[in-house]
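Use these hints to put chain B onto chain A, whose structure you have.
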Amino acid sequence: MKITEDSLPVLTALDRPNSYIGRSVPRPNLQRLTQGRGQYISDIALPRMANVAFVRSPYPHARIVKISADAAKKAPGVIGVVTGAELAKVMTPWVGVLTHLKGLKSAPQSPIAVERACWQGEAVCAVVARTRAEAEDACELVEVRYEPLPAVTDPEVALDAKTPVIHASLGDNLCFERKLDVGAVDKALAEADAVVETTFRFGRHTGVTNEPRAVVADWNEGEQRMTVYHGTQAPHMMQNLFAKHLGIAEHQVRVLTKDVGGSFGIKVHTYADEMATVALSKLLKRPVKFVADRIESFVTDIHARDHRIKAKIGVSKDGTITAFEIDDLTGIGPYSVYPRTSGIEANQVVNLTGGPYKCPNYRAQARVVFQNKNVMCQYRAVGHPIAVAVTEGLVELAAAKIGMDPLELRRRNLISDDAYPTQSASGLKFEQLSHHEALAHLDSMMNYAGLRTEQKKLREKGIYRGIGFASFIEVTNPSAAFYGVGGARITSMDGATVKLDAQGAIIVHTGVTEQGQGAEAVVAQCVASSFGVPIEKVRVITGDTDNTPYGGGTWASRAAGIGGEAAWQAGKALRANVLAVAASILQTKPDDLDIRNGLVVDKERGTERLPLDELARVAYFRPDTLPPGFQAELLATRHYVPRAWPFAFTNGIQGSYLEVDTDTGFVKLLKHWCVEDCGTIINPQLVDEQIRGGVVQGIGAALFEHCLYDERGQLLNGNMADYLVPMAMEMPDIVCGHVVSPTADSELGAKGAGEAGTAGAPASVMNAINDALRPLGAQPLTDMPFTPDKILRALGKV
Amino acid sequence: MNDRILEISLTVNGARVQERVEARKTLVDFLREDLALTGSHVGCEHGVCGACTVRVNGEIVRGCLMLAVQCDGAAVDTIEGLSDSGEVSDLQAAFEQRNALQCGYCTPGMITAAQDLLKRTKKVPSRDQIREHLSGNYCRCTGYHAIVDAVEAVAQARGGAKK
Numbered sequence: 001m002k003i004t005e006d007s008l009p010v011l012t013a014l015d016r017p018n019s020y021i022g023r024s025v026p027r028p029n030l031q032r033l034t035q036g037r038g039q040y041i042s043d044i045a046l047p048r049m050a051n052v053a054f055v056r057s058p059y060p061h062a063r064i065v066k067i068s069a070d071a072a073k074k075a076p077g078v079i080g081v082v083t084g085a086e087l088a089k090v091m092t093p094w095v096g097v098l099t100h101l102k103g104l105k106s107a108p109q110s111p112i113a114v115e116r117a118c119w120q121g122e123a124v125c126a127v128v129a130r131t132r133a134e135a136e137d138a139c140e141l142v143e144v145r146y147e148p149l150p151a152v153t154d155p156e157v158a159l160d161a162k163t164p165v166i167h168a169s170l171g172d173n174l175c176f177e178r179k180l181d182v183g184a185v186d187k188a189l190a191e192a193d194a195v196v197e198t199t200f201r202f203g204r205h206t207g208v209t210n211e212p213r214a215v216v217a218d219w220n221e222g223e224q225r226m227t228v229y230h231g232t233q234a235p236h237m238m239q240n241l242f243a244k245h246l247g248i249a250e251h252q253v254r255v256l257t258k259d260v261g262g263s264f265g266i267k268v269h270t271y272a273d274e275m276a277t278v279a280l281s282k283l284l285k286r287p288v289k290f291v292a293d294r295i296e297s298f299v300t301d302i303h304a305r306d307h308r309i310k311a312k313i314g315v316s317k318d319g320t321i322t323a324f325e326i327d328d329l330t331g332i333g334p335y336s337v338y339p340r341t342s343g344i345e346a347n348q349v350v351n352l353t354g355g356p357y358k359c360p361n362y363r364a365q366a367r368v369v370f371q372n373k374n375v376m377c378q379y380r381a382v383g384h385p386i387a388v389a390v391t392e393g394l395v396e397l398a399a400a401k402i403g404m405d406p407l408e409l410r411r412r413n414l415i416s417d418d419a420y421p422t423q424s425a426s427g428l429k430f431e432q433l434s435h436h437e438a439l440a441h442l443d444s445m446m447n448y449a450g451l452r453t454e455q456k457k458l459r460e461k462g463i464y465r466g467i468g469f470a471s472f473i474e475v476t477n478p479s480a481a482f483y484g485v486g487g488a489r490i491t492s493m494d495g496a497t498v499k500l501d502a503q504g505a506i507i508v509h510t511g512v513t514e515q516g517q518g519a520e521a522v523v524a525q526c527v528a529s530s531f532g533v534p535i536e537k538v539r540v541i542t543g544d545t546d547n548t549p550y551g552g553g554t555w556a557s558r559a560a561g562i563g564g565e566a567a568w569q570a571g572k573a574l575r576a577n578v579l580a581v582a583a584s585i586l587q588t589k590p591d592d593l594d595i596r597n598g599l600v601v602d603k604e605r606g607t608e609r610l611p612l613d614e615l616a617r618v619a620y621f622r623p624d625t626l627p628p629g630f631q632a633e634l635l636a637t638r639h640y641v642p643r644a645w646p647f648a649f650t651n652g653i654q655g656s657y658l659e660v661d662t663d664t665g666f667v668k669l670l671k672h673w674c675v676e677d678c679g680t681i682i683n684p685q686l687v688d689e690q691i692r693g694g695v696v697q698g699i700g701a702a703l704f705e706h707c708l709y710d711e712r713g714q715l716l717n718g719n720m721a722d723y724l725v726p727m728a729m730e731m732p733d734i735v736c737g738h739v740v741s742p743t744a745d746s747e748l749g750a751k752g753a754g755e756a757g758t759a760g761a762p763a764s765v766m767n768a769i770n771d772a773l774r775p776l777g778a779q780p781l782t783d784m785p786f787t788p789d790k791i792l793r794a795l796g797k798v
Numbered sequence: 001m002n003d004r005i006l007e008i009s010l011t012v013n014g015a016r017v018q019e020r021v022e023a024r025k026t027l028v029d030f031l032r033e034d035l036a037l038t039g040s041h042v043g044c045e046h047g048v049c050g051a052c053t054v055r056v057n058g059e060i061v062r063g064c065l066m067l068a069v070q071c072d073g074a075a076v077d078t079i080e081g082l083s084d085s086g087e088v089s090d091l092q093a094a095f096e097q098r099n100a101l102q103c104g105y106c107t108p109g110m111i112t113a114a115q116d117l118l119k120r121t122k123k124v125p126s127r128d129q130i131r132e133h134l135s136g137n138y139c140r141c142t143g144y145h146a147i148v149d150a151v152e153a154v155a156q157a158r159g160g161a162k163k
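So the protein lines, in turn, are chains A and B.
Under the working numbering, residues 1 to 798 are what the first sequence spells out, in order.
Under the working numbering, residues 1 to 163 are what the second sequence spells out, in order.
There could be a bad hint or two in this list.
Simulated restraints, written as ranges between beta carbons of each label pair [stated by the list, open to error]: (1) B:R24 to A:E143: 21 to 29 angstroms; (2) A:D544 to B:T121: 42 to 50 angstroms; (3) B:T121 to A:R452: 46 to 54 angstroms; (4) B:R16 to A:P611: 46 to 54 angstroms; (5) A:E115 to B:D3: 55 to 63 angstroms; (6) B:R4 to A:G171: 50 to 58 angstroms; (7) B:R4 to A:F666: 40 to 48 angstroms; (8) B:R4 to A:A85: 40 to 48 angstroms.
Just so you know, these hints were derived from the structure itself, not from any lab.
The beta-carbon is built from N, C-alpha and C at its ideal position, and this holds for glycine as well.
If we strip away everything but chain A, and leave its shape as in the complex, we get (with noise of 0.2 angstroms):
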């Protein structure tokens, strides 16, 4: 274990000549970005290509009484009015429950809304027409005739005897629920010298990708074949969907996936719509296409994070915290999202809560109910935020109660780096993390004692600065464990296929997929490490079922750690076929050769014996030539699947300093820290980069974002202007830092760092908060976004 700044990690195993590993290196194909010349789904027109809109429900929950399309049949570009019921013939309806999430039941939900409509914003007829504005035009003409239900929309009485059940078939509002009680949870309160209870609640919000949610699907009659073009993170898993709920076969489906613009979780579940859109190609026998425009973005993009978590700590005189107990709710809207289910956030809040700390004794309760919103699932670091910052408010306000510095409070009780193999209390397995180290090296980093001191001189002046943490551990690199056990084919295993074509240059076929995070730039590091060339010479492929081995493309932070081994192993075993090959033009042993920088050499003095053109020229047009029986193999395949451990667990720690303006409740932010392992770095600014975005998508959730319903279901901020997200003007600079764990399950080490940044920043922000405030007396503040009016609030201003 070491820490490093950005700098080249030593490491033994990766350690080939020209290694690309641990370099910064620009991801390729950057410049048609930047210039504007991208192909997102957005892009994408097709002849014929048709476009829908939909009819949506303005009710939270109401009764299709009748349809009536005559008029909108009739309007200028009009070419198909189709209702739920007639779109039930092409494809049928779905529920999203997972096996070994045990009792977790939802119900059947179709890609049009039969009879009923569950949320506001749910489609309820769609409209195909030449130009997506006509098809707006004629959904204006569409009259629809409901009879408004009761709504379910407060998660505190979904339960209730009196509280309508939104399903009568499933006999309550209960999705799922999870006990767990480990230790002696009531003895360890008891004896405690200091107990803090508090309830924290987390504002719904949503991810609000650039680019809306796209598809362009084809169904072509005379081949049978539907083509999906689609903006997703896992187009094998959708290939399976669309083909299971059109009752066709895998192969009868091509996804494509191009370039997204954003995704972040968002864009990994079935949605009715798109599902709607691909039902409707069959149907009309035409391209059609549909891209969600902002209103619709925001009543029909999954939401998270509406959690109500009521939590205890117990702590001893010296720190030592003795007990954690929580009570999660959370109100899911009325379906779980197919296919990965809404219980798992839920779920990974009882499995998460806590799991920095040594502390044995930890009861958890977690109820996900139904409701009349718009449906939750998981987004960036799924259950993490609430989780961390249930566990870090705890802790700090521990530290505070029996006034101990909250970092040593944290150095009395995090795991210690020595003590691996090991695990937490809810039972997750850590191979090996390193908290104290990265504790230490944040400490340094950010010069804890001198802001400290800064901090009491300016309180001096009237100003009221804060300094917050937040440690945290991080589910990456998930192996079968996560959704194949529950039945679902959302495979955790990735592949690479890697050739050498015909000029020497190494392309390469993968599984994950591009979001902007660096999928392509990392998987090329790999091979052309693995393999020997100039990563100039290496190129990526990615987003085609038809085309890329089989894959979960990209989420829970795998690309790199799963996909990046499976293309280095691809490349390793390319360089042994191709060594074969130059063995036997060379009438040499392949262990006397190596391929460094685009040459076969040899391998003890490094001399030039072949270049890869030459050998590619004798290969494909002079096999003639080779030794009888000889045949070139020149192209490779690898996957890869974590088996040693369930999850690559990482860890790391955050420090937020900012500034409360007690005047107007104004939050400045200063600067923000992170200190994070995920084992091997292949690309350190990716990495950084990774960082520093999820920082900021934290900071939206602890400062800005929410989705305000009102209590009859009525979405009331659907739009940018009023739903708040982090602009540049408000962000700080963000320094990050690393300590190296890496992973013994594979070869590369590597774990996810996707998730780090957002899973801690809430928690960060919210401890500088109240740390700021707390000499005014200000009651804490655990009920985010941390709006002015609620700091006002909490300073008695309001």
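Chain B only, in chain A's frame:
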């Protein structure tokens, strides 16, 4: 229908364009759908996110808040034109080198807005001034730090070149 469709002539990226457009069509939809210039992106459709930022008669505008018919007689520059003329090549190189883009959806608008700042200011702008000028351009991926770095580096390089 005819009173809803008007003929406009304008210059787009230096080339003369004459088209019949619906009066209600926004500039960015016109650029994307009628001229197939898909480098300008549609994000929020109400002037908040800046993904559709283009230049009209030298000033940056939101392509979603201006109608195509308002551009009759105007000179419009999009990212495709700014790229081909080489005007923003140093910004593009800095964005690529600094990884100041991830998904790239905001990037054409971000570069167009950054170029506007760098053209206006005589001195090298501070990081806060850069953040302020880009505060109408939404980026969900980067957290902005890398974008500010890239723009700052170009500002310094151009500033040095002027001396």
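Hint by hint, here is what the structure shows:
1. Taken as a hint, the range 21 to 29 angstroms holds for the pair B:R24 and A:E143, whose Cβ atoms sit roughly 23 angstroms apart.
2. For the pair A:D544 and B:T121, the supplied restraint of 42 to 50 angstroms holds, since their beta-carbon distance comes to about 45 angstroms.
3. Restraint check, B:T121 to A:R452: a C-beta distance of roughly 38 angstroms breaks the suggested window 46 to 54 angstroms.
4. Here the CB-CB span from B:R16 to A:P611 is close to 50 angstroms, well matched to the stated 46 to 54 angstroms.
5. A:E115 and B:D3 have their C-beta atoms about 42 angstroms apart, which leaves the hinted 55 to 63 angstroms range violated.
6. Judged by the Cβ atoms, the range 50 to 58 angstroms given for B:R4 and A:G171 holds: they are separated by roughly 54 angstroms.
7. Checked against the given bound of 40 to 48 angstroms, the beta carbons of B:R4 and A:F666, roughly 46 angstroms apart, stay inside it.
8. Judged by the Cβ atoms, the range 40 to 48 angstroms given for B:R4 and A:A85 is violated: they are separated by roughly 35 angstroms.
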